[in-house]
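Q: Working from the sequences, and respecting the hints, build out all of it.
For the protein sequence lines, the chains are A and B, in the order given.
Under the working numbering, the letters of the first sequence match residues 1 to 647, in that order.
Under the working numbering, the letters of the second sequence match residues 1001 to 1257, in that order.
Quick caveat, the hints were computed from the structure, so don't treat them as lab data.
Here the structure is a predicted model, which means the values were calculated and not measured.
Treat each hint with caution, since some may be false.
As the list claims (entries may be wrong) - Cut-off 30 angstroms, straight-line C-alpha distance, at most; resulting in silico cross-link-like pairs (BS3-like, lysine-lysine):
#: 1; chain 1: B; residue 1: K1005; chain 2: A; residue 2: K538
#: 2; chain 1: A; residue 1: K262; chain 2: A; residue 2: K640
#: 3; chain 1: A; residue 1: K97; chain 2: A; residue 2: K377
#: 4; chain 1: A; residue 1: K538; chain 2: A; residue 2: K16
#: 5; chain 1: A; residue 1: K30; chain 2: A; residue 2: K43
#: 6; chain 1: A; residue 1: K348; chain 2: A; residue 2: K647
#: 7; chain 1: A; residue 1: K112; chain 2: A; residue 2: K377
#: 8; chain 1: A; residue 1: K377; chain 2: B; residue 2: K1155
#: 9; chain 1: A; residue 1: K647; chain 2: A; residue 2: K625
#: 10; chain 1: A; residue 1: K198; chain 2: B; residue 2: K1155
#: 11; chain 1: A; residue 1: K647; chain 2: A; residue 2: K16
#: 12; chain 1: A; residue 1: K97; chain 2: B; residue 2: K1081
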Amino acid sequence: MTIADSHASSPRLDAKVPGGPMDERWSNHKFDLKLVNPSNRRKFDVIVVGTGLAGGSAAATLAEMGYNVKSFCIHDSPRRAHSIAAQGGINAAKNYKGDGDSVHRLFYDTVKGGDYRSRESNVHRLAEVSVDIIDQCVAQGVPFAREYGGLLDNRSFGGAQVSRTFYARGQTGQQLLLGAYGAMNRMIHAGRIDSYTKREMVDLVVVNGVARGIIVRNLLTGEYERHAAHAVLMCTGGYGNAFFLSTNAKNSNVTAAWRAHKRGAFFANPCYTQIHPTCIPRSGDYQSKLTLMSESLRNDGRVWVPEKEGDPRAPQDIPESERDYYLERKYPSFGNLVPRDVASRNAKTVCDEGRGVGPTGEAVYLDFGDAIRRDGKETIASRYGNLFEMYERITGDNPYEIPMRIFPAVHYTMGGLWVDYNLESTIPGLFVLGEANFSDHGANRLGASALMQGLADGYFVIPATIASHLAGRKLEAVSVNDDAFKEAEAKARERADLLLACNGNRSVDSLHRELGNTVWNYCGMERTAEGLQEGILKVRELRAEFWSNVKVNGDPNHVNQDLEKAGRVADFMEFAEVMFNDALVRDESCGGHFRAEHQTEEGEARRDDENYAHVSAWEFTEEQKLPTEHREQLTFEEVKLTTRSYK
Amino acid sequence: MIQKKNHGDLRIVLEVWRQNGPGAPGAFEEHEVMANEHMSFLELLDVLNEQLVESGRDPFVFEHDCREGICGSCSMTIDGKPHGPRDRTTACQLHMREYRNGDRVRVEPWRANAFPVVKDLMTDRSAFDRIQQAGGYVSINTGSAPDAHAMPVNKENADMAFDAAACIGCGACVAACPNASAMLFTSAKLSQYTLLPQGQPERDQRALGMVDQMDAEGFGNCTNHYECEAACPKGISVTNIARMNREYARATLRRRD
Ligand SMILES: Cc1cc2nc3c(=O)[nH]c(=O)nc-3n(C[C@H](O)[C@H](O)[C@H](O)COP(=O)(O)OP(=O)(O)OC[C@H]3O[C@@H](n4cnc5c(N)ncnc54)[C@H](O)[C@@H]3O)c2cc1C
Ligand code: SF4
Ligand code: FES
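A: Structure (structure tokens):
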């Protein structure tokens, strides 16, 4: 590992940020970009991997523009991508409420919320196009919540001081995704998108340094297929399932990103993960995933634990004077509404002190007793009825009577493949969109901003910036019979054969669970140099155990979900080590990355802007070798760096 | 020998459908799992599969992803009911506290000609995608939309459109219907657009396109049993079917002789 000690950016990381005033950069850049003549577009094939908000919107828009699009997803239908699960809403600087919102304020909030670890120009562009997203979605028939006058309703979300969040009851993700899926369907019907479902990307094909295709495994037949194109867009989501337990859908994976990384795409800031404070705690070691409860609950619920360690009493038997409302105590002005990272870390602290509640001791109470006494049960039911019902369904407890038990869970990954202003990775021709890239959220993402980013990337950014590659470079003809395709396919087959040949004693899930525990314990809410070093050794041991003792049954030439999982877990095992390394070299605390060595006397995160106002991007070198770190220095022209304070 | 893990004191005898492919013969296989009341139904299947794998047997194939009732992947009939016994609950949201010690539970795939079995509990539901490709959208190119407030939508219609749009495309309605009809699904999709001003310009061709595709896929007719509504985890109402019939009749009159 070589760590550059100068403050200059690595020459390998040219962010291609345009010059000029911040609020003119995107317009100027679009004007300066080369164009692909409409009649020439049909000569270009574009592969889009993933059909979530990012991939769905990109595939539809590029097809409308006239490109030949091939779309791929692991689900049986594009509509089932993980984006479907998003509940809360999507931000846009429409200022429909007239409460002082603006593009600049959304930009400012996002840079600050990201704890000053994102690229200003990208974030500004995101805030600019946010308004177009809402127009587009409404025109598609997305049924956003409306007021009695027929206009769109907004709410304030995730601690924002303005109402800029558009929503569709608790199903914003599903409704936005169905909009993008509809747009895709129109283009599939018109013969402009070839949709390949139940395909898993298992490698990227790079020809003469340019991304020119992918290898996929057909998950129904086990066949390997080669697909060539002029450009490849990866929109494959985040890597939260490295922790095994997370709020992500079960098929979410790092495989596509990891395979691209091994072909030359740098992986940026892998240690930035977001832990959401209000999830339903796990109930036992068979737990398969965690369920998010909307953080709007913190508007009325009060968080507490018993004063005393190991208090065995039921919550209703603990008198007021023996309860510790620790968020209200420590943060009198924000109280229960402190940002996600602060709320999560404090829950961990009280549980570590032995004051956690419930059968596992890994939970805190979220109590609606006072709110019900104050506003009445009906009012509370009208606000949170569906969430209370969901909670009851899962836990069997009635939150109107017994306080909810909540605990933090991994929810989102800010890190991802490094991309420049055009969303192009370090491999020419490979573009990365949505949660799979690292670009806009710095070290912490604000609520309702991921949906915005996915759709911004797909509907508005890539349709313009892809021309930098297609019109800007001379692209030779390639064929799926070229050596690069053969080699990539052979490698993918070999990997699957190795997994099947292991024939050990342990199920894939048991190994994945163990990896998840290690990542959670050593690279979770709180990290230390010592712990990370120990964690790296554990990950290595576990990787060796995986390859010697995994058991994968069944027919490789048919549906084989065990083999699918095994391939993904194998990649998580390699990826985890880079994540640990990134957390280790980032010797500061920022956003979701809390290094216990770097905290203020009050236990708050202490950033080190002097030495760490940069992006770390990791370059793959050799199997079993540590990757090389490269740095992109971040400059702040518009936003002044301050310390977040929620006291 | 199947190695059993003990996750609690709830003994469940599972009868799970095993079938290797579309035309292949299938049969129920019996297995015992020790469960606990907090487990979800899919976690019960996970435990069973883990036992099978570690004993060198093939796990059962079943579809799932979000495990929170929104992606529509999970699709299994439990004791004769699509998604199982609890109202308005997908299989992934069903928890074992619905069951008692010693219960025998039968799990099988959706049964419908238009949803052939792929393997075990997994069926091919791509017919739903093709129905939507036949018109389930508004034709608007990205970037050409007017301001979102240019067209207010009356709240009542907006709410009804949302109710229809809540469909998760799981297919339980088809599995529950004695005729394996896809009317509830198709009508929900169609209603969303019929109720919104954005959907008006393409109203006729959408109704004709989607209904004709639905018929072409081999789904049965609706003979008013309303089993679909009872099985639907999202509470989609059969009033949508009536609306679709009106839309189709209207479009036929206007477009065809
Ligand atoms: C429970 C929950 C609630 C959330 N709520 C909100 C919210 O209210 N507001 C908000 O802004 N954000 C929210 N988020 C975050 C947000 O939903 C995601 O960040 C966002 O949807 C990611 O979209 P995406 O298009 O980048 O990827 P995804 O939606 O994850 O899509 C990934 C796609 O890639 C495909 N894919 C993956 N791997 C492969 C492979 N190897 N080969 C082929 N295809 C592959 C998948 O099939 C899928 O189509 C929430 C997240 C969770 C977990
Ligand atoms: S109508 Fe209901 S049962 Fe049918 S697909 Fe939609 S959600 Fe599933
Ligand atoms: S797994 Fe998504 S709805 Fe059941």
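Q: Which of the listed hints are not met by the structure?
A: Checked against the structure, the hints that fail are numbers 2, 4, 7, 9, 10, 11, 12, while the rest are satisfied.
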